[in-house]
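Those protein sequence lines, which keep their order, are chains A and B.
If you count the first sequence from 1, position 432 lands on 432 in my numbering, and the numbers rise without skipping.
If you count the second sequence from 1, position 30 lands on 30 in my numbering, and the numbers rise without skipping.
What the hints contain is simulated information worked out from the structure, not anything from laboratory work.
Any given hint might turn out to be false.
[Claimed, not checked] Pairwise CB distance ranges, derived in the manner of DEER restraints:
id, chain 1, residue 1, chain 2, residue 2, range
1, A, 236, B, 78, 48 to 54 Å
2, B, 7, A, 215, 49 to 55 Å
3, A, 206, B, 18, 38 to 44 Å
4, B, 69, A, 376, 50 to 56 Å
5, B, 48, A, 334, 53 to 59 Å
6, B, 11, A, 276, 19 to 25 Å
7, B, 82, A, 109, 33 to 39 Å
8, A, 31, B, 18, 47 to 53 Å
9, A, 2, B, 35, 36 to 42 Å
10, B, 62, A, 255, 43 to 49 Å
11, B, 86, A, 338, 54 to 60 Å
12, A, 215, B, 57, 27 to 33 Å
13, A, 334, B, 79, 35 to 41 Å
14, A, 312, B, 69, 49 to 55 Å
[Said to hold, decoys possible] Facing chain B, from chain A, some residues (calculated, C-beta under 8 Å):
id, residue
15, 278
16, 452
17, 455
18, 457
[To be verified] Stretch-level coverage of chain A by chain B, calculated; a stretch enters the list once three of its residues show a Cβ under 8 Å from a Cβ in chain B:
id, segment
19, 123-135
20, 354-361
21, 418-431
Heads up, the beta-carbon is just placed ideally off N, CA and C, and yes, glycines get one too.
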Amino acid sequence: MAFETVIGLEVHVELKTKSKIFCGCRTDFGAPPNTNVCPVCLGHPGTLPVLNQEAVELALKAATALNCKINQDCKFDRKNYFYPDLPKGYQISQYDQPIGEHGYIEIDVNGERKRIGIVRVHLEEDAGKSMHAPDGSHTLVDYNRTGVPLIEIVSEPDIRSPEEARLYLEGIRSIMQYCGISDCRMEEGSLRCDANISLRPVGQKEFGQKAELKNINSFRFVQKGLEYEVERQTQILSQGGTVVQETRRFDEATQTTVSMRSKEEAHDYRYFPEPDLVRLRVDDAWLQRVRESLPELPLQKRDRYQNELQLPAYDAGVLTSDIEIAQYFEAVVDAGIDPKSASNWVMSDVLGYANANGLTLSAFPVAPAQLAGLIQQVTAGKISIKQGRDVFKIMCETGKDAVTVIREQGFEQISDEGALIAIVEEAIANNPKSVEDYRAGKEKAIGALVGQVMKATKGKANPAVVNKLILERIQA
Amino acid sequence: MKITEDTIRHVAKLARLAVSDEDVAKLAPQLNDIMGYNEQLQALPLDEVPPTSHPFALYNALRDDEPRPGLTREQALANAPDSDGEQVRVPAVLEG
Chain A
1 MAFETVIGLE
11 VHVELKTKSK
21 IFCGCRTDFG
31 APPNTNVCPV
41 CLGHPGTLPV
51 LNQEAVELAL
61 KAATALNCKI
71 NQDCKFDRKN
81 YFYPDLPKGY
91 QISQYDQPIG
101 EHGYIEIDVN
111 GERKRIGIVR
121 VHLEEDAGKS
131 MHAPDGSHTL
141 VDYNRTGVPL
151 IEIVSEPDIR
161 SPEEARLYLE
171 GIRSIMQYCG
181 ISDCRMEEGS
191 LRCDANISLR
201 PVGQKEFGQK
211 AELKNINSFR
221 FVQKGLEYEV
231 ERQTQILSQG
241 GTVVQETRRF
251 DEATQTTVSM
261 RSKEEAHDYR
271 YFPEPDLVRL
281 RVDDAWLQRV
291 RESLPELPLQ
301 KRDRYQNELQ
311 LPAYDAGVLT
321 SDIEIAQYFE
331 AVVDAGIDPK
341 SASNWVMSDV
351 LGYANANGLT
361 LSAFPVAPAQ
371 LAGLIQQVTA
381 GKISIKQGRD
391 VFKIMCETGK
401 DAVTVIREQG
411 FEQISDEGAL
421 IAIVEEAIAN
431 NPKSVEDYRA
441 GKEKAIGALV
451 GQVMKATKGK
461 ANPAVVNKLI
471 LERIQA
Chain B
1 MKITEDTIRH
11 VAKLARLAVS
21 DEDVAKLAPQ
31 LNDIMGYNEQ
41 LQALPLDEVP
51 PTSHPFALYN
61 ALRDDEPRPG
71 LTREQALANA
81 PDSDGEQVRV
91 PAVLEG
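Isolated chain B, as found in the complex (with noise of 0.2 Å):
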């Protein structure tokens, strides 16, 4: 897959980051080092292995169904840069 600067700018836009135009044309080449580097797996006969979600076969760290205590509300909103001393106040979302 080739990176682009478009691809970058996009997934920059996406994980909210300012990224300088000077930056997006270093990282481009570097990326597509990187992804090509990668892209040598691809010419291993894969087709019969399932593809890695996890690196350890470990299965079903669960808990049981029990209430636990949390943080106070006052605990809660205290790392919130803004509050109405309930709620967590942010900007404006528009909707509608």
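Okay, chain A solo, but in the shape it has when bound (with noise of 0.2 Å):
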């Protein structure tokens, strides 16, 4: 029997702020245990939250540009459960009255635009990060994440394969990092991913029984995991079994699914509306101010990349993955290069210098006018593309513009063709064969010729002019 992969996405983005929702310690990732903490976010007696308007900015930020309705008065509520990494013993979040609902993402699977629906996008405070002890015997807490603005985006079940899973996810990234809203560094857990999914007959309208999977910390985990999955509940469901409710989690080192086996207890929040906070009311002022504020989003970008910029659609997905790549390209354009050489010099040059060496383009060495300088010298036939590449290279490790690394290193090419008569004469001269064959019809021999001219200028004279002074001498 053929099964359908459905698969929906609950993914956890922190916001960027300097400050907690509810208080003003910092939230910088990685600072010492327990030292971002103050009364209010460790629960104290007697504390009192207090939004932080940034926090609800993104937040408003966020559930626009996934297209949500945004429910302009609405409030925040107390989700109550004990865990040590949550010193209130409730988080408050959003849970009648998220501050987005029913909006979507568009993805481009093979070639083709789905829409993904969202149910949701609330706000919401982040716990603390506990640590258990490998031999059991206890558990340390870090409070330095307690009170970490958070939105959590729920996706419908449209999702139908793991690698639709992946474009999602992907697709959310990029829209947070385009609007400013978050790092998304899964690594540092600022984009985090659980996944619930299930398979049914092909045809039928029900959902199957579903297993939920949970801290995902890669992109390429994510479709992994869910990989799995797909072959853990056909190998299930064919043998006429039924796929256990249960949460699982991805095992990096065998790459397979395995359950927490926790105490399956069934979850009872208790959700009251949070009685220290007042209710939210964002007026039509305030939701027009953000929805102005919104960038070109990604796939508009990529669309008008492809359209107004004709670039192929290879580029123009590469190019727009990522805010600063598409930043860094646009200013090269802007700089009066050609789409499709900025395209290939970015993706190329630029991009594999960066991941050779683990930078980001905001801090890459050669500034897009720099690049911009270096493209113009080998459209104007002043140095070849392939000496391009290296005083690329040399501009990369010393910051210096094209121009000052082609006269420093000798890279001028020669174009001049009273310097390269005599060179052109003298090759003609030594290798009459060569000059036999091409004349006896073997195009290709003038390869030969223009070596010999490219060896005697160690690679500086400029082949289209070499080509040309060599064909003037021996077609007659």
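With the hints as a guide, bring the two chains together.
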């Protein structure tokens, strides 16, 4: 029997604020344990939360960018449960009035655009971080993360394959990064993802029994973990079995998912309105300001690169995948470089060097204007493309401009015919056989002659000029 | 809504309260009386009234996103029953 995969994702995104959602503690990642804490986020008796305006602003941006209907009048609720990383004994979240709902994002799957529904986007506070002693004797808790603002983005069960799940997640990440909402660094926990996955016989309307996949910490593992689940559930169902509804985690070592075997107590959070916070009202002017502050989103940019800049789909996809790459590319184009040349240099040379050296483009040693300067030298025929690549590497290491590097390294290409004629004539005189071959119709024989000239000039001769000079002399 | 002894045991468990059988037996009728009193409200025609989450019509008590100093680690850990000097130590939380 053939099965259809049904996946829904719950994504938590940490908002890029300077202070926590309900108190003034810093939110820096990697601070020494329990140094960004205060009586409010530690839940001391008598303290009161005060909502951070910037957290609301960023959540509004996210919900708007995800095409949600904004609940302009909403509230916060307490989600009650006991866990040591939650000092108050409840998490302040939004229950029945999320800041945004009924949205969607679009992803491109195998060249086709697909819409994935967003059920809701709500604001809440993060919990602390627990570290379990390997021998199981105790647990250590760091409360720095407690109270860091989060949004939770819940998708509709519209995702039909592990690959779509990864594309959806990448889509969410780039929208968040474009809008300055979050860094979305999975390795630092600023983007976290849980997945619900079930299978059903093709054509069946009802959903099958689902498993929840938790604590997946990389984009690759989201896809891998889900691929494993598809395989596992297919096997169970094909043998007439039933999938156990449970929480599983992805095990990196074995590349499989394993049951977390936690006591499956039914969740009973006893939500009720948070009495310590007043209601939130987003007036039309505020909402309008947020709408106007949104930048061009990744998919719009991608379409524009293809339609207006005439870039291939592949180029447009790579260049818009990360806002920093897009900004770098656009700065090169703004400096007067044609889009396809700019794209080639950015994709192969800039990203190549950045990836090999673990650099981000905001800290890249060659500024976009400097790269534009180099491309102009190549386009003008001052240096060959191959020389250009060498110059680029030196620019990366020294931060110097192309013109300076070319002068210092003596890379200047010789395009002056007067300077080349003598060398060309010498090459012809020394290689009568090649000349003869060429005249006999072997056009490739000219290559040997060009090679001689290049060798004699240590690669500096302009190959096009050399070619022309040789032809002028042997075609007759 | 009828409050049974089971309801009381369940809520007590959620709230991590130890309630004796004797107290459960005493609490059930008391809570039922209170709930019954509240249920008088159900008789009122309130279809047009939105649920009240907050008694005051106040909105948007917001603060600017400016970090402020909090507690030192020593101060923060001083209130914890146990710590390793950097983190709060709690009984093992079983997972996985």
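Item to check | Violating hint indices (sorted, rising) | outcome: 2, 7, 8, 9, 12, 13, 16, 17, 18, 20, 21
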